[in-house]
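Participant: These are the residues of each chain, in order.
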Amino acid sequence: MADVQNENIFQDKIDQEIKIEPKDWMPDAYRQTLIRQISQHAHSEIIGMLPEGNWITRAPSLKRKAILLAKVQDEAGHGLYLYSAAETLGISRDQMYQQLHSGKAKYSSIFNYPTLTWADIGAVGWLVDGAAIMNQVPLCRNSYGPYARAMVRVCKEESFHQRQGFELLLILSQGTPEQRRMAQESINRWWWPSVMMFGPNDDASPHTAQSMKWKIKRFTNDELRQKFVDVCAEQVKILGFTLPDPDLKWNEERQHYDFGAIDWTEFNNVIRGNGPCNKQRLDARKNAWDNGAWVREAATAYAEKRKKRQAAVEAA
Amino acid sequence: MADVQNENIFQDKIDQEIKIEPKDWMPDAYRQTLIRQISQHAHSEIIGMLPEGNWITRAPSLKRKAILLAKVQDEAGHGLYLYSAAETLGISRDQMYQQLHSGKAKYSSIFNYPTLTWADIGAVGWLVDGAAIMNQVPLCRNSYGPYARAMVRVCKEESFHQRQGFELLLILSQGTPEQRRMAQESINRWWWPSVMMFGPNDDASPHTAQSMKWKIKRFTNDELRQKFVDVCAEQVKILGFTLPDPDLKWNEERQHYDFGAIDWTEFNNVIRGNGPCNKQRLDARKNAWDNGAWVREAATAYAEKRKKRQAAVEAA
Amino acid sequence: SQPLVQYLLHLADTTLILGHRNSEWCGHGPILEQDIAISNIALDLIGQARMFYQYAAEKAQQPGATDITEDSLAYLRDGIDFKNLLLAEQQNGDWAITILRQFLYSSWQYLVYEQMQQGTDVQMAAIAEKAIKETTYHIKWSGEWVIRLGDGTEESHKRMLHAIEVLWPFTGEMFTPVDFEKEGIQQGWAVDVASLQQPWLQRIQQAFDEAGLSVPQSQWQQTGGKKGVHTELLGFLLAEMQHLQRAYPGSEW
Amino acid sequence: SQPLVQYLLHLADTTLILGHRNSEWCGHGPILEQDIAISNIALDLIGQARMFYQYAAEKAQQPGATDITEDSLAYLRDGIDFKNLLLAEQQNGDWAITILRQFLYSSWQYLVYEQMQQGTDVQMAAIAEKAIKETTYHIKWSGEWVIRLGDGTEESHKRMLHAIEVLWPFTGEMFTPVDFEKEGIQQGWAVDVASLQQPWLQRIQQAFDEAGLSVPQSQWQQTGGKKGVHTELLGFLLAEMQHLQRAYPGSEW
Chain A
1 MADVQNENIF QDKIDQEIKI EPKDWMPDAY RQTLIRQISQ HAHSEIIGML
51 PEGNWITRAP SLKRKAILLA KVQDEAGHGL YLYSAAETLG ISRDQMYQQL
101 HSGKAKYSSI FNYPTLTWAD IGAVGWLVDG AAIMNQVPLC RNSYGPYARA
151 MVRVCKEESF HQRQGFELLL ILSQGTPEQR RMAQESINRW WWPSVMMFGP
201 NDDASPHTAQ SMKWKIKRFT NDELRQKFVD VCAEQVKILG FTLPDPDLKW
251 NEERQHYDFG AIDWTEFNNV IRGNGPCNKQ RLDARKNAWD NGAWVREAAT
301 AYAEKRKKRQ AAVEAA
Chain B
317 MADVQNENIF QDKIDQEIKI EPKDWMPDAY RQTLIRQISQ HAHSEIIGML
367 PEGNWITRAP SLKRKAILLA KVQDEAGHGL YLYSAAETLG ISRDQMYQQL
417 HSGKAKYSSI FNYPTLTWAD IGAVGWLVDG AAIMNQVPLC RNSYGPYARA
467 MVRVCKEESF HQRQGFELLL ILSQGTPEQR RMAQESINRW WWPSVMMFGP
517 NDDASPHTAQ SMKWKIKRFT NDELRQKFVD VCAEQVKILG FTLPDPDLKW
567 NEERQHYDFG AIDWTEFNNV IRGNGPCNKQ RLDARKNAWD NGAWVREAAT
617 AYAEKRKKRQ AAVEAA
Chain C
633 SQPLVQYLLH LADTTLILGH RNSEWCGHGP ILEQDIAISN IALDLIGQAR
683 MFYQYAAEKA QQPGATDITE DSLAYLRDGI DFKNLLLAEQ QNGDWAITIL
733 RQFLYSSWQY LVYEQMQQGT DVQMAAIAEK AIKETTYHIK WSGEWVIRLG
783 DGTEESHKRM LHAIEVLWPF TGEMFTPVDF EKEGIQQGWA VDVASLQQPW
833 LQRIQQAFDE AGLSVPQSQW QQTGGKKGVH TELLGFLLAE MQHLQRAYPG
883 SEW
Chain D
886 SQPLVQYLLH LADTTLILGH RNSEWCGHGP ILEQDIAISN IALDLIGQAR
936 MFYQYAAEKA QQPGATDITE DSLAYLRDGI DFKNLLLAEQ QNGDWAITIL
986 RQFLYSSWQY LVYEQMQQGT DVQMAAIAEK AIKETTYHIK WSGEWVIRLG
1036 DGTEESHKRM LHAIEVLWPF TGEMFTPVDF EKEGIQQGWA VDVASLQQPW
1086 LQRIQQAFDE AGLSVPQSQW QQTGGKKGVH TELLGFLLAE MQHLQRAYPG
1136 SEW
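Protein chains in written order, with this note's numbering: chain A, 1 to 316; chain B, 317 to 632; chain C, 633 to 885; chain D, 886 to 1138.
A couple of the hints might just be wrong.
Said to hold, decoys possible - Using 20 Å as the maximum straight-line C-alpha spacing, the simulated EDC-like pairs for lysine to aspartate or glutamate come out as follows: (1) B/LYS543 with B/ASP574; (2) D/LYS1112 with A/GLU185; (3) A/LYS305 with C/GLU776.
Everything labelled a hint here was simulated from the structure, so no lab data went into it.
Given these sequences and hints, build the entire structure.
Facilitator: Here it is, written out as structure tokens:
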């Protein structure tokens, strides 16, 4: 079949909301875009374990310790689903790791910020997971089957995490002055990086049109960002805290919140590797990988020995 | 000169309290005994830095932090004097380190016990340094000049350390019930190991006679031990604590304190390597040594480069 | 009920400290699936610790008071009062040490829970019944790793030998009852740990045989954990773990 | 006097935290003489910290009160209130990182003390006069090590390059005044750190030249320490350092 014909069938399915499955024909650019996006998403889950993992040993109660540990473990699970989804597109997990460790593959820049106080665990849950969900919920309906199904599982857990984060901050908001200060300071640090999580403004986001046509993306960056700001501007009132944006104001006409200009210099800096924790995060993952090499080798060697022994028994 | 004649001159000097100096003739056994004893003493200073060093980062006030750090640093200085004294007998510092790291050379077993609470810093100062001083003061008059002179410097600082340790416990004794409990528990743990620091009972200590003739040793183990018990039994009253020995009692007739039987099984166990921290202490030193190899190599390489450059300049 | 509380704290502290150690792996494991597995075991152990702490708090509480809670017990006692087994507080080291520590411990814990189910204390029996299912999995998982590493590569075998050398001196304590246990054994609510040594050793022997490893012969054993005499490691662990509770006393989290 | 107190705390916190880091080497140095040297520098820095804390306590104290002391300032504030330079809290890493951190810092500190001696605050001037003698030695010692390692072996050179890569992003903060400094510069009691950048860079350049190392070109710089926004390392350091004061509140030591 000619590629043009394939392409028509493919786009037809997409237009009719029929999922593309691993064995279906797909344009190479669609495949590459998905590999890039899914692996980046998987890496974000794995790197995302680090800033929160940073507080597991210091969680202030046994209940919080268990909740946090379970949450970070969930993220490892999300990584697992997503790596598997990417693998259906013809890339191995080891290849993806290599791209991460070499710096070729990206992950969400938000995880290059440090978690400095316990309140950050709340702010990450509320704002970072909150922004992630805005991005991810539409992905549950994306055109690639394995990715869409993985996202359904991810989103279910993420929204649970976000509620936990909000609840953590709510407790702090009702706590001592020190706790309230800690929480407000944390929101101040996490707000803008969270707003930046939606990526560049639409006019600076050239791939959006194609991705929307392929239904990998269903809303533009700015649409999602506006939705996020609208939600948070309301929720922060319940907490009795403020968002660090003097320009934040309800716009009656637009029926949306207006908000201040984003510092894209910082955004680009962090993306280029110059965030507070870029080096530290990647080093942590590379160390885990390098220090684990002998374990993986041993597991492989043992599996092979076993197979041989079994074959010998069966042959006898 | 025949060895017999040498030996007579040598013993004559010793009997007249004239110091033996590095270039003087000395019996090989005297030399070997001194090398063993001085290097063992030096190693004890270096290993002895570890249990106390364990609390430098957790000292409960800035003043205590400075005092403790200065003390542990003093011990490094003592190690330095003593290694230098041993070097005058024809062994290099690297050789001595090697003997320590291979387990051939010993160090005082007391440092194989852990420091578990801040009170241990006091107990180590009061009891361990106290016992050390009992052993060391006579050594200031030992027959080998470099060793005797090193010991004069060591003893001056040690008695200062002991007073600091006692004062630390005194503060705890006047503190909260938790602090008093911490201090008493610490004394309970350190008492018997300190009593054992004087070595086996005299009847089980075969080398004592020769060492006393050579004036390397001036009192027997049991004499020194008795003196230590007598002093501590009085000092503990000032602290308002007790020593963990139900048999401790003033003996009017002997004009000494009687005390309970020593658990030599534990003593021998720890000497054989089975103390709570034997492995940990030696590993810490070996790690420091191994991790420092590249630093020492760089320093040597640089010194040689410099020398060559200087020679080239002078030749030009 | 003082000895009972001490016994419960011994069980709670041991599972908490080991859970805490395992949780240090989270995000740093050698294989993603195993990162999840070790975190899961950490979660199980922390969950078990909470049940024991809650029961201990109930038993230790003065009538009408509410100041003793699972968190006050976990976060406001210093090392001198912690009664965990020394094995639990040993550092993670490499993967060999971590999985061997788990295997040595879980193999013991299984036998403890088995007997505890038959004990006179109904609540402890209920906890044991719930926990033993988790422990069964912990033994299986860690035992498989012992075999995999022992019979894997030369490197992994060498690391297992090292792990055995490091950890074995901390196993004897598991079978040496201290005063509060002796009292509990008499009264029927504590497990007679001395009687578990043979079955435990058999299980270890079996796995070691399959892994090509040897059980060390009669070696010196270190004790003290159950009496509050720990290794130097616990103090640092607690300083980190308890920081927030200590720094912001009386706060809700 | 609030900005003055903040400034004093910035100076005190920086010297304490760096002294604390250096003290971690005690007993673990690569050469016995250098173990003594780094401990000595640690002692000097802790001594300087105490002078600044004592002065800060005096300035922060309410009339008639005695609750603010050098120890309450060092042990009872959390990371959010610590104002040390980020450079000071970075981990010791290897010997290359430790001695480079010291050299970068002491070279700055010397210039600060030099100006402080001329400042309007008599007590700060007196502290600076005393401390600058120590700092002179710290620069000499660490500078010699920079050269020795940079021009030593291939290995040591490589490690110096790595140390520069790790530490350089934390140097810019030293020359970027924050609000309390700006106010102090206006009033004459704070050092105009921006003006120190050129002389500092010259000194570094000189040592690097001799060591065969290059000063990195215009790189991104991380700030925040003086405003209480630290790296993730400080929290762990403080948890350890403050444990006893937090665990036994109100005790004398």
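Participant: A separate judgement is required for each hint: does it hold in the structure or not?
Facilitator: Taking the hints in turn, this is what the structure says about them:
Only pairs whose Cα atoms come within 20 Å are accepted, and B/LYS543 paired with B/ASP574 is accepted, the gap being roughly 11 Å. As the CA atoms of D/LYS1112 and A/GLU185 are separated by approximately 11 Å, the hinted pair is consistent with the 20 Å bound. A C-alpha spacing of about 14 Å is found between A/LYS305 and C/GLU776, which places the hinted pair at or below 20 Å, so the restraint holds.
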